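Enquirer: Start from the sequences, fold in the hints, and give me the full structure.
Protein chains: 4
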Amino acid sequence: MAAASNFFSIVAGVGAGTGRSVALKFAQVYPVVLLARNPSNYEAIVSEIKASGGHAIGVATDVSSPQSVVNAFSEIDREFGGKRLAAAIYNVGGRFVRKPFLELTLEEYEAGYEANGKGFFLFAQAVLPLLLDSVKESHHPPSLIITGATASLRGSANMSSFASGKFALRATAQSLAREFGPQGVHVAHAIIDGVIDIPRTKEWMVDAGPDAKINSDAIADSYWYLHTQPRSHFTQELDIRPYVEKF
Amino acid sequence: MAAASNFFSIVAGVGAGTGRSVALKFAQVYPVVLLARNPSNYEAIVSEIKASGGHAIGVATDVSSPQSVVNAFSEIDREFGGKRLAAAIYNVGGRFVRKPFLELTLEEYEAGYEANGKGFFLFAQAVLPLLLDSVKESHHPPSLIITGATASLRGSANMSSFASGKFALRATAQSLAREFGPQGVHVAHAIIDGVIDIPRTKEWMVDAGPDAKINSDAIADSYWYLHTQPRSHFTQELDIRPYVEKF
Amino acid sequence: MAAASNFFSIVAGVGAGTGRSVALKFAQVYPVVLLARNPSNYEAIVSEIKASGGHAIGVATDVSSPQSVVNAFSEIDREFGGKRLAAAIYNVGGRFVRKPFLELTLEEYEAGYEANGKGFFLFAQAVLPLLLDSVKESHHPPSLIITGATASLRGSANMSSFASGKFALRATAQSLAREFGPQGVHVAHAIIDGVIDIPRTKEWMVDAGPDAKINSDAIADSYWYLHTQPRSHFTQELDIRPYVEKF
Amino acid sequence: MAAASNFFSIVAGVGAGTGRSVALKFAQVYPVVLLARNPSNYEAIVSEIKASGGHAIGVATDVSSPQSVVNAFSEIDREFGGKRLAAAIYNVGGRFVRKPFLELTLEEYEAGYEANGKGFFLFAQAVLPLLLDSVKESHHPPSLIITGATASLRGSANMSSFASGKFALRATAQSLAREFGPQGVHVAHAIIDGVIDIPRTKEWMVDAGPDAKINSDAIADSYWYLHTQPRSHFTQELDIRPYVEKF
Numbered sequence: 000m001a002a003a004s005n006f007f008s009i010v011a012g013v014g015a016g017t018g019r020s021v022a023l024k025f026a027q028v029y030p031v032v033l034l035a036r037n038p039s040n041y042e043a044i045v046s047e048i049k050a051s052g053g054h055a056i057g058v059a060t061d062v063s064s065p066q067s068v069v070n071a072f073s074e075i076d077r078e079f080g081g082k083r084l085a086a087a088i089y090n091v092g093g094r095f096v097r098k099p100f101l102e103l104t105l106e107e108y109e110a111g112y113e114a115n116g117k118g119f120f121l122f123a124q125a126v127l128p129l130l131l132d133s134v135k136e137s138h139h140p141p142s143l144i145i146t147g148a149t150a151s152l153r154g155s156a157n158m159s160s161f162a163s164g165k166f167a168l169r170a171t172a173q174s175l176a177r178e179f180g181p182q183g184v185h186v187a188h189a190i191i192d193g194v195i196d197i198p199r200t201k202e203w204m205v206d207a208g209p210d211a212k213i214n215s216d217a218i219a220d221s222y223w224y225l226h227t228q229p230r231s232h233f234t235q236e237l238d239i240r241p242y243v244e245k246f
Numbered sequence: 000m001a002a003a004s005n006f007f008s009i010v011a012g013v014g015a016g017t018g019r020s021v022a023l024k025f026a027q028v029y030p031v032v033l034l035a036r037n038p039s040n041y042e043a044i045v046s047e048i049k050a051s052g053g054h055a056i057g058v059a060t061d062v063s064s065p066q067s068v069v070n071a072f073s074e075i076d077r078e079f080g081g082k083r084l085a086a087a088i089y090n091v092g093g094r095f096v097r098k099p100f101l102e103l104t105l106e107e108y109e110a111g112y113e114a115n116g117k118g119f120f121l122f123a124q125a126v127l128p129l130l131l132d133s134v135k136e137s138h139h140p141p142s143l144i145i146t147g148a149t150a151s152l153r154g155s156a157n158m159s160s161f162a163s164g165k166f167a168l169r170a171t172a173q174s175l176a177r178e179f180g181p182q183g184v185h186v187a188h189a190i191i192d193g194v195i196d197i198p199r200t201k202e203w204m205v206d207a208g209p210d211a212k213i214n215s216d217a218i219a220d221s222y223w224y225l226h227t228q229p230r231s232h233f234t235q236e237l238d239i240r241p242y243v244e245k246f
Numbered sequence: 000m001a002a003a004s005n006f007f008s009i010v011a012g013v014g015a016g017t018g019r020s021v022a023l024k025f026a027q028v029y030p031v032v033l034l035a036r037n038p039s040n041y042e043a044i045v046s047e048i049k050a051s052g053g054h055a056i057g058v059a060t061d062v063s064s065p066q067s068v069v070n071a072f073s074e075i076d077r078e079f080g081g082k083r084l085a086a087a088i089y090n091v092g093g094r095f096v097r098k099p100f101l102e103l104t105l106e107e108y109e110a111g112y113e114a115n116g117k118g119f120f121l122f123a124q125a126v127l128p129l130l131l132d133s134v135k136e137s138h139h140p141p142s143l144i145i146t147g148a149t150a151s152l153r154g155s156a157n158m159s160s161f162a163s164g165k166f167a168l169r170a171t172a173q174s175l176a177r178e179f180g181p182q183g184v185h186v187a188h189a190i191i192d193g194v195i196d197i198p199r200t201k202e203w204m205v206d207a208g209p210d211a212k213i214n215s216d217a218i219a220d221s222y223w224y225l226h227t228q229p230r231s232h233f234t235q236e237l238d239i240r241p242y243v244e245k246f
Numbered sequence: 000m001a002a003a004s005n006f007f008s009i010v011a012g013v014g015a016g017t018g019r020s021v022a023l024k025f026a027q028v029y030p031v032v033l034l035a036r037n038p039s040n041y042e043a044i045v046s047e048i049k050a051s052g053g054h055a056i057g058v059a060t061d062v063s064s065p066q067s068v069v070n071a072f073s074e075i076d077r078e079f080g081g082k083r084l085a086a087a088i089y090n091v092g093g094r095f096v097r098k099p100f101l102e103l104t105l106e107e108y109e110a111g112y113e114a115n116g117k118g119f120f121l122f123a124q125a126v127l128p129l130l131l132d133s134v135k136e137s138h139h140p141p142s143l144i145i146t147g148a149t150a151s152l153r154g155s156a157n158m159s160s161f162a163s164g165k166f167a168l169r170a171t172a173q174s175l176a177r178e179f180g181p182q183g184v185h186v187a188h189a190i191i192d193g194v195i196d197i198p199r200t201k202e203w204m205v206d207a208g209p210d211a212k213i214n215s216d217a218i219a220d221s222y223w224y225l226h227t228q229p230r231s232h233f234t235q236e237l238d239i240r241p242y243v244e245k246f
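Residue numbers (numbering that gives the first Met the number 0), protein chains in the order written: chain L, 0 to 246; chain X, 0 to 246; chain P, 0 to 246; chain S, 0 to 246.
Rather than coming from a laboratory, the hints here were simulated on the basis of the structure.
For clarity, every value in this text was computed on a predicted model and none was experimentally measured.
Heads up, a few of these hints could be off.
Identical chains share a label here; the pair holds if one copy fits it or two copies do between them.
[Claimed, not checked] Within a straight-line C-alpha distance of at most 25 Å, the following computed DSS-like cross-link-like pairs (lysine-lysine) qualify: (1) K135 / K245; (2) K82 / K49; (3) K245 / K49; (4) K98 / K245; (5) K201 / K245.
Expert: Next comes the structure, spelled out in structure tokens:
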């Protein structure tokens with residue numbers, strides 16, 4: 000079994016919340032590649048990781064573009080070709096559209112699938128061969144961890160765009176868990192059912208009292224916990240919600 | 000309330016099985032528009048309906064092409080513009096791909112969504128305004144009935160293409176039921192969990208004994224039953240499987 | 000195949016709503032046995048069926064008492080021993096307790112299971128041998144149809160008594176469907192998600208407009224539809240809710 | 000906030016597998032009370048905990064007997080009355096009956112509910128007031144963690160006894176999560192979908208290769224992880240299965 004320093008991790012979809020917390024958490028053990036469409040989403044996080052002694056790079060990537068994903072993984076290979084992939088986290092939110100169905104354009108409806116169907120397909124096809132290569136070497140089973148939402152389980156009114164994408168993502172996650180789990184890769188899907196506490200949601204739920212919004216560092220802890228599960232004990236799905244959240 | 004003869008129905012996705020049976024069933028009461036990409040899929044059914052005294056037209060339509068859908072509904076308007084839409088059935092199977100994930104092309108993966116996500120979106124946007132227009136007039140609540148599958152509930156290994164499409168379809172169906180149900184349109188989703196007894200499946204499950212494959216006329220009966228439910232008693236989802244099917 | 004007059008049906012749990020409507024519906028084709036703890040719950044229905052030319056008897060039965068169930072089926076055997084059982088409907092509501100968990104007595108908590116676990120077990124053990132005997136003879140597959148509720152799928156706050164019973168009922172219904180379905184008996188579970196329009200609920204939801212409560216005659220139609228499904232096309236579960244119901 | 004030494008924990012249902020591992024894990028931080036019907040199930044574990052410097056007592060308890068539960072909690076109060084309850088784990092398996100439905104006695108059918116319905120009710124009523132009392136003081140939100148099974152989600156053929164009990168348990172767990180979560184108590188339900196690696200299952204699945212059975216120490220880690228989640232991030236349900244398990 001190889002030392003942790005021979006491994007690296009990838010987080011797709013970083014910004015102010017879950018992606019940043021997950022990157023910081025995994026960076027405590029592995030070098031981290033941060034993917035985001037816009038470098039402004041990862042630059043500060045890369046600096047933060049480096050400042051605390053970790054190793055990170057950012058790669059500007061549009062996960063729903065095949066060419067962009069190819070380019071990103073070429074760059075990853077140049078940087079980390081000698082290391083093995085320990086964990087890949089898919090946390091791409093995509094564009095969120097909430098609208099009466101008859102007011103949606105096709106492009107707005109497809110935004111959900113673009114990020115959560117097509118984007119995840121391209122990402123998963125790029126990382127799974129690398130994760131399979133790590134099975135025999137890695138301390139923890141190589142992991143593909145996926146961020147879902149309330150809309151992964153429920154198609155609410157005015158939410159057909161987001162829900163169709165998140166349902167498609169969950170279908171693919173299940174299919175991959177059934178195909179790659181027996182090969183030793185851990186595919187886990189987390190249903191985030193609540194508002195994440197980030198600057199953009201500062202004014203939300205202010206009357207609900209403390210801790211009514213999810214601390215994204217706790218999500219990072221749960222993803223790390225999932226990553227460290229042994230193969231005799233894989234969790235395929237868990238839900239996450241604040242104690243005051245209605246469900 | 001208007002006579003049944005002032006109404007018509009649309010069945011998208013006709014071939015040898017469910018689509019044909021549903022068209023024949025609804026044609027006993029309403030004129031029927033049959034949509035299929037290939038006229039050879041509907042021509043014999045149109046003839047069959049006409050021969051038994053019903054009224055039917057076929058319109059060659061690719062439901063995943065916006066322009067093709069626009070053209071189809073223009074033709075429908077020319078033919079049935081004076082009538083109201085009583086029922087729209089979405090039974091488009093799309094291309095079925097079953098493959099190890101890493102062997103899928105993007106185009107193969109997207110085939111599931113193409114038919115069950117994008118195609119359904121375009122169809123639903125075209126029929127929902129017509130169904131809403133029928134609410135006050137129709138005897139039975141105007142209905143949008145959707146064909147699902149085992150893969151609507153479960154992402155099996157090697158089935159990510161089909162399952163991601165069917166999950167997306169179910170998400171959208173739920174969202175529409177919650178938005179349009181309170182406006183009087185009945186949106187129902189049927190999970191077909193078994194093999195349908197059609198010429199193509201003749202040699203399948205021959206050892207399972209009689210009735211081990213679903214008689215598509217029974218599916219037509221169930222869709223008609225769904226259509227005739229009163230608005231105080233809408234079924235949003237039901238499953239359908241042969242008595243010997245494992246589940 | 001025998002004539003319908005050689006068959007009979009049983010409805011357990013009759014009162015003002017679903018049970019009465021189901022009994023009236025099935026009485027159009029089969030003699031009906033009505034079971035209720037209190038004869039006042041079935042006497043008027045028996046009279047109503049007789050007045051319209053049908054055949055019905057009532058048997059005072061506490062389905063959660065083994066001896067009472069034995070007595071009831073002895074009486075049923077005396078009355079209908081020469082006929083075969085076509086359908087058995089379990090519609091026993093039991094005592095409904097809605098309370099903060101720490102205020103429940105054990106007896107109150109167990110009320111849910113008493114009716115929906117134990118009572119259904121005793122009823123199912125009595126009717127399944129009769130239904131199996133009918134498989135070869137009956138026109139429609141012999142049917143065991145079970146009334147569930149919102150609480151069959153969701154344990155809400157203060158609802159642990161009712162939900163634990165309804166969950167247990169659904170578990171048993173699924174188990175029976177998997178065991179007896181392949182033998183030709185149709186086991187179906189209906190999730191009634193809404194208020195039924197009966198005298199007791201007259202003042203409920205009055206602001207929700209017409210048809211906001213379920214017409215129990217429509218439930219009877221759905222149970223009849225389930226009974227008449229051919230064995231190539233069994234529905235194991237369907238939901239039922241008014242068009243305005245939130246879900 | 001009080002020191003961990005002012006807290007204690009309770010594990011109901013200990014034996015060779017999950018219960019023992021959970022007790023050993025929680026004993027690293029809290030004194031532990033072990034409940035089992037038969038002292039031989041906890042005596043060796045109590046010794047093991049003491050030998051490693053922890054504090055544990057065993058109390059012979061039949062959780063489905065109200066009097067036995069009252070007695071147990073009197074003894075617990077005598078021993079730990081000055082401490083607060085940090086975590087209560089319900090891991091009672093009960094008697095497992097797998098039989099064709101028509102061969103079940105009522106007593107056999109009810110065995111599932113006896114342990115997972117009635118027994119859990121009595122346990123939960125005893126521990127919830129203690130957990131509520133700990134909310135303000137404890138470092139981690141006081142936790143009620145419950146062991147479910149495949150049969151919590153699926154009523155398989157011949158499994159009506161076990162499944163009805165596990166469904167009832169899940170219903171009650173959900174109801175408690177919705178009632179007590181907003182008060183700060185974490186109620187979590189773990190679905191164990193696989194065989195646990197204990198002496199009794201030594202000869203099971205020997206051809207499935209290493210790690211095909213769940214290591215119960217990993218379950219203990221997951222229960223500890225659940226216990227340490229902050230209240231902004233509660234997991235209500237997770238599944239656990241070996242990497243080779245079909246699902």
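Enquirer: Hint by hint, note whether the structure agrees.
Expert: Checked hints:
1. K135 / K245: Answer is between: at 22 Å across copies they meet the 25 Å cutoff, but 43 Å inside does not.
2. K82 / K49: within (19 Å within a copy, 44 Å between copies)
3. K245 / K49: neither (39 Å within a copy, 42 Å between copies)
4. K98 / K245: both (22 Å within a copy, 18 Å between copies)
5. K201 / K245: Within one copy only: 20 Å inside a chain, 29 Å across chains, cut-off 25 Å.
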